[in-house]
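**Q** Fit chain B to the supplied structure of chain A, relying on the hints for placement.
Chain residues, written in single-letter form:
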Amino acid sequence: MKFDTPAGANPIDRLKVVGKPTDRIDGPRKTTGTAPYANDWHDPQSRLAYGYVVGAGIGKGRIAGMDVSRAEAAAGVLAVVTAANAGKLDRGAFYVARALAGPDVDHYHQAVALVVAETFEQARAAAALVRVDYVRSEGVFDLAAAKDTAVAPKAGPFVSPEAKAGDFEAAFATAPVRIDESYGTPDHAHAMMEPHATVASWDGDRLTLWTAIQQMNWGVRDIAKTLGIAKGNVRLVSPFIGGGFGGKGTILSDAVLASLGARAAGRPVKVSLPRPLMFNNVTHRPATIQRIRIGAGPDGRITAIGHESWSGNLPDGPPETATEPTRLLYAGPNRLMRMHLARLDLPEGGAMRAPGEAPGMMALEIAMDEMAERLGMDPVAFRVLNDTQVDPENPRRPFSRRQLVECLRRGAELFGWERRVAKPGQVRDGRWLVGMGMASAIRGAPVMRSAARVRLDGRGMVTVETDMTDIGTGSYTIIAQTAAEMMGLPLDRVVVRLGDSAYPESPGSGGQWGAASSTAGVYAACVKLREAVARRLGFNATDAVFEDGQVRAGNRSEPLVRAAAGGELVAEDGVEYGDLAEWFALQTFGAHFVEVGVDVDTAEVRVRRMLAVCAAGRILSPKAARSQIIGGMTMGIGAALMEELAVDARRGFFVNHDLAGYEVPVHADIPDLQVSFLDEIDPAASPLKAKGVGELGISGAAAAVANAVHNATGVRVRDYPVTLDKLLGGMPEAA
Amino acid sequence: MKPFTYERPGTPAEAAAAAASTPGARFIAGGTNLLDLMKLQVETPAHLVDVNGLGLDGIEPTPEGGLRIGALVSNTDLAADARVRKDYAVLSRALLAGASGQLRNRATTAGNLLQRTRCPYFYDTAQPCNKRRPGSGCAALDGVSRQLAVVGSSEACIATNPSDMAVAMRILDATVETVDAEGTRRRIGMADFHRLPDERPELDTTLRPGELVTAVTLPKPLGGAHVYRKVRDRASYAFALVSVAAVVRPDGTGRVAFGGLAHKPWRVEAAEADLPRGARAVAEGVLAGARPTHENAFKLKLAERTLGAVLHQARA
Chain A
1 MKFDTPAGAN
11 PIDRLKVVGK
21 PTDRIDGPRK
31 TTGTAPYAND
41 WHDPQSRLAY
51 GYVVGAGIGK
61 GRIAGMDVSR
71 AEAAAGVLAV
81 VTAANAGKLD
91 RGAFYVARAL
101 AGPDVDHYHQ
111 AVALVVAETF
121 EQARAAAALV
131 RVDYVRSEGV
141 FDLAAAKDTA
151 VAPKAGPFVS
161 PEAKAGDFEA
171 AFATAPVRID
181 ESYGTPDHAH
191 AMMEPHATVA
201 SWDGDRLTLW
211 TAIQQMNWGV
221 RDIAKTLGIA
231 KGNVRLVSPF
241 IGGGFGGKGT
251 ILSDAVLASL
261 GARAAGRPVK
271 VSLPRPLMFN
281 NVTHRPATIQ
291 RIRIGAGPDG
301 RITAIGHESW
311 SGNLPDGPPE
321 TATEPTRLLY
331 AGPNRLMRMH
341 LARLDLPEGG
351 AMRAPGEAPG
361 MMALEIAMDE
371 MAERLGMDPV
381 AFRVLNDTQV
391 DPENPRRPFS
401 RRQLVECLRR
411 GAELFGWERR
421 VAKPGQVRDG
431 RWLVGMGMAS
441 AIRGAPVMRS
451 AARVRLDGRG
461 MVTVETDMTD
471 IGTGSYTIIA
481 QTAAEMMGLP
491 LDRVVVRLGD
501 SAYPESPGSG
511 GQWGAASSTA
521 GVYAACVKLR
531 EAVARRLGFN
541 ATDAVFEDGQ
551 VRAGNRSEPL
561 VRAAAGGELV
571 AEDGVEYGDL
581 AEWFALQTFG
591 AHFVEVGVDV
601 DTAEVRVRRM
611 LAVCAAGRIL
621 SPKAARSQII
631 GGMTMGIGAA
641 LMEELAVDAR
651 RGFFVNHDLA
661 GYEVPVHADI
671 PDLQVSFLDE
681 IDPAASPLKA
691 KGVGELGISG
701 AAAAVANAVH
711 NATGVRVRDY
721 PVTLDKLLGG
731 MPEAA
Chain B
1 MKPFTYERPG
11 TPAEAAAAAA
21 STPGARFIAG
31 GTNLLDLMKL
41 QVETPAHLVD
51 VNGLGLDGIE
61 PTPEGGLRIG
71 ALVSNTDLAA
81 DARVRKDYAV
91 LSRALLAGAS
101 GQLRNRATTA
111 GNLLQRTRCP
121 YFYDTAQPCN
131 KRRPGSGCAA
141 LDGVSRQLAV
151 VGSSEACIAT
161 NPSDMAVAMR
171 ILDATVETVD
181 AEGTRRRIGM
191 ADFHRLPDER
201 PELDTTLRPG
211 ELVTAVTLPK
221 PLGGAHVYRK
231 VRDRASYAFA
241 LVSVAAVVRP
251 DGTGRVAFGG
261 LAHKPWRVEA
271 AEADLPRGAR
281 AVAEGVLAGA
291 RPTHENAFKL
301 KLAERTLGAV
311 LHQARA
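If you read the sequences in order, they're chains A and B. Here the numbering used here is used: the first residue of the first sequence is 1, the next is one more, and so on. Here the numbering used here is used: the first residue of the second sequence is 1, the next is one more, and so on.
Chain B on its own, in the form it takes in the complex:
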């Protein structure tokens, strides 16, 4: 870990200003990912802006009939919120499928959205990794890639986004609210919040330097059956090989998004029209253009079969 300076501002605007005025600054909330990465010198911030004192830890109804979730609401509290459990059950289930009880107590809503990939080469500073050191190459392309992306990847990067929560937020059409150093507020739809790696895999999101996530809003409830299914080698405390978030209405229509397949939560809206026709039809559209490695080609079949199980469960 490199020495760094630290401050704890009192308002979101001050936090954004502090981050913008100090080169190499990072926000820190729960620290469940950032501190690990700092110990390994994968992340080497010169300055930490502690956002825990910003009072962004409430969940409140919106005038539109949805929910506004403060950036600092813990994963534990969000999963346990009665409104979330009742109206956005897919989100609650996704959260509880992630990490461990201890980590969920510390991890925050914004921090969860901003967690970095778990690609093992990203974590090893002796290895090339375009996400960690742009231009150094991607060791995963011809390396150990069983966990890594099968769609939306590039020659520069096949990392996956590890978040379960983000997959649920993606089908709920959540919106990320931010503020920057000038106090300008911005709303970013979940579809546009995470990026594909293309030639700039070092950028996970479309946030601008110094821009602070203040909240995530959920539109009014969708109804329907909410399912989150996470498939992994052990029963808990593992990142998804494939996960499926689905909201299915009684007539068989609905929405579906996937985790574990791509650099971002993977949702292909056009393919959702095929939901009444079943998993195979949807999977064809969702996985079109997939470029798996020899180690992770199984994810294509697994995604389709998991979706089939999820649709079966949703209808039951």
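Next comes chain A alone, as it looks inside the complex:
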């Protein structure tokens, strides 16, 4: 099915199943421990062996010598894989770090060996016997120090190194009201619950991986390319994934090493990354330094807006695209966005929940708060004034749907924004200084080609198969809702099978594209199945109404199940997208409102309440969507107040490489978070008129918290996280 004009009326609009706040259909399997995650695969017949990864103990250099003899001689050891015996290895097409070091070590905890043994304990014990002699070399580990070496990054599908409109420099120089500030965001860890894990099994030259990755199509492509085998000989299975946040985009060292270990041992091998390796062995969200310049007239209208971002990465690695949201969020005729990329020898920087928007909005939305303060304007009113309904770089390109102003106004009303005292440091509640802050939210709504297969069987059950993944987001549920709606069935008549590369190809979970894309593919397949059903039952497909398990047209009604009486009906289709994204800017919008308390003595910051109002097309499952938004808000609170991979710039690694050292919010940090969705359908977005929400919730959330801290204390922190040490100097004299 081609989707190249905005969607008209279709069966989804009935909203008998779609749009209802249903419980997730995979919930019982998860709560009863019967949902198999990658590390749970145990086939008693397969003589599974276990691999343990040895990570490099230096940040940069080379391996001068390795002694694996003691490991090889240890109890239960079947094989030790190193660069010396692994054979030629390529890299995938997405991540740039090599899965196995040798002789060069490119970053800390890059794998130098995999020890395979009969048991996990034997593999772990033997791994500690591998002796490596390193020769350290000078590495570049400090972004601030490397900033001046940064260059323009290569353009790519996700990277626009520079974007301009008008004459920014001239307009900024002459603007009556200006700010020009620098902001810093640190490296962030995905810190998902489930570690990277893979069970690899060879059958001749055919490889099966039970693994935990978000995009099966990328995974197949990348493992085939890395190992130099045919894509057709690879099968990936990821039915359940315990969180990814972009950290499991495609195959990583666990998959490559499990494959090599299984080949070496001649048996299936399970490899999961131990938690301490999950911060330096794999990818993270890169730190940024951002400079934002905004010029406005005394009336508050922005005349010039400039956003530059510096980030670092391994050679060939992409930049953090922090300037991206500024291209579309606010009006202003004179614009300059520019990315700079430095070479760093830290672990690979990669996508993490709302790459670009998350760190970019952390800076931009503080800058907007500062600008509003300088103008003497209310921060909400300043943003409303500078709304745009067209792409500011290309005013002939409208937004498909843009309700930012509505989000801002509704949020201000629901939150009681009018009670905010504009002058900072004025509100006291016991030992707390209390402040309110807000920020806008924007995140792209990309859609990608996605396919599915649907079956109607003789019991009247519909089974959906697609290689879409569910990383905890609710994919199972919204796909079931889509099929149920299309086929006129209740939810419990639909079975959903996901996460197997043998199923029709989807774009997987990432970039907030999963929900809209995968349900579109299911929609297309269901349209075909409806046609097959109509043919079988003697209806004209365009007239037939599928409802309550019946197919009706005119005065005739037949049970749907009768269509499969002569055998299962199978239909497969997908959605291909035309150029709607060139005609329309497709984005999701929101507004965050936060109240914080800052302890007057210790400067500890605690969020007291928080609200997000979101406009993101049709909300397929309000319950799952709310969970996505509050998850993003929680991650935003973490980014605002505590999350930071601490760089040891001398030794070249992230020091706090476990969940005790890398702090993410705990329950006690998160008050009752409120989410409100505006009624919206976006016919240009997808056949379901839906957009994703998985990343919208984090966009702007951290800045809203930081702005609230400023309102509470009068201290402006531009270097995240906003920890108490950065506030203490500006707190009132001790009692």
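Be careful, since some hints might not be right.
[Said to hold, decoys possible] Far from chain B, by Cβ distances over 12 angstroms, these chain A residues were calculated: (1) Lys20; (2) Ala75; (3) Val237; (4) Asp492; (5) Asp658; (6) Phe677.
[Unchecked claim] For lysine-lysine, the following DSBU-like pairs were computed, each having C-alpha atoms within a straight-line distance of at most 35 angstroms: (7) A:Lys154 - A:Lys2; (8) A:Lys16 - A:Lys528; (9) A:Lys2 - A:Lys231; (10) B:Lys301 - A:Lys423; (11) B:Lys2 - A:Lys88; (12) A:Lys726 - B:Lys301; (13) B:Lys39 - A:Lys30.
[Unchecked claim] Just a few of them, taken from the derived set where beta-carbon distance is under 8 angstroms, the chain A residues facing chain B: (14) Gly57; (15) Asp648; (16) Val666; (17) Thr723; (18) Asp725; (19) Ala734.
Don't read these hints as lab results, they were simulated from the structure. Note that CB positions come from ideal geometry on N, CA and C, so glycine has one too.
**A** Below, chain B without anything else, positioned relative to chain A:
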């Protein structure tokens, strides 16, 4: 984790004897810290002596009017004990400020006293650390040190003691009771139980090899207002940047000790005389000779301000 042998003796003396007779032996109780360290090979005991069967899990009154807390009393049970909550509230509050409910269920009184530092370099066996590998150097000195010590540190080590419970026990003047392989019993005051790192940071305490902690005794109740205040970046489940334990009498006199500042619970008795004069005066004495790094110098101001808040709360 390295392979190890294991035994579960029936009496404290047998346990001490077992530990003394096997080189590289360690006691294990809740295992909430030791097992993590064994998985990382930060700790590599050849033999584990499981002390969970020793019956040291009671809390009983002492003839002096205090309490004797068995070494194996869980942190949960100790914090919930009615006598502790009433007469030693600072101890109960300190315990509840630490770890999580699940960990407190497993963690024991002696184990809490003996937990190792959370310095990140101690946890990474690829890095130099004098506490883990004597003589290898200290990576934290010029590394990531925001959480680490500002007083009592040495050129060899700037680790902090992570315990909340120990800070409360320090102001309560608790006494640690031990037994050794010969059956000799010893009583060690909390002031002398934990060490400063000096040139031997591998030694956290003054316990001798094989010596087993059997109990901690508390003297008779002090009265006064009991406050424990823990300051951290998140609201729960984090080690203290700074913590303050205080017992303050109505006349403003009292005791105060700090966590998060040093290799041991940090109490300077001489400075307590200044308590009626307020936090600044006390902090000057408590923090005299401090040698913070550029990353943790904020702890000096934070300690003073937190103490100010605690004294305010105690008087309220």
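**Q** Could you run down the list of hints and mark each one as holding or not?
**A** Status of the hints after comparison with the structure:
no.	hint	result
1	Lys20	35 angstroms, holds
2	Ala75	8 angstroms, violated
3	Val237	28 angstroms, holds
4	Asp492	36 angstroms, holds
5	Asp658	7 angstroms, violated
6	Phe677	29 angstroms, holds
7	A:Lys154 - A:Lys2	31 angstroms, holds
8	A:Lys16 - A:Lys528	20 angstroms, holds
9	A:Lys2 - A:Lys231	26 angstroms, holds
10	B:Lys301 - A:Lys423	26 angstroms, holds
11	B:Lys2 - A:Lys88	33 angstroms, holds
12	A:Lys726 - B:Lys301	12 angstroms, holds
13	B:Lys39 - A:Lys30	28 angstroms, holds
14	Gly57	3 angstroms, holds
15	Asp648	5 angstroms, holds
16	Val666	5 angstroms, holds
17	Thr723	6 angstroms, holds
18	Asp725	4 angstroms, holds
19	Ala734	5 angstroms, holds
Hints 2, 5, counting from the list given before, are not met by this structure.
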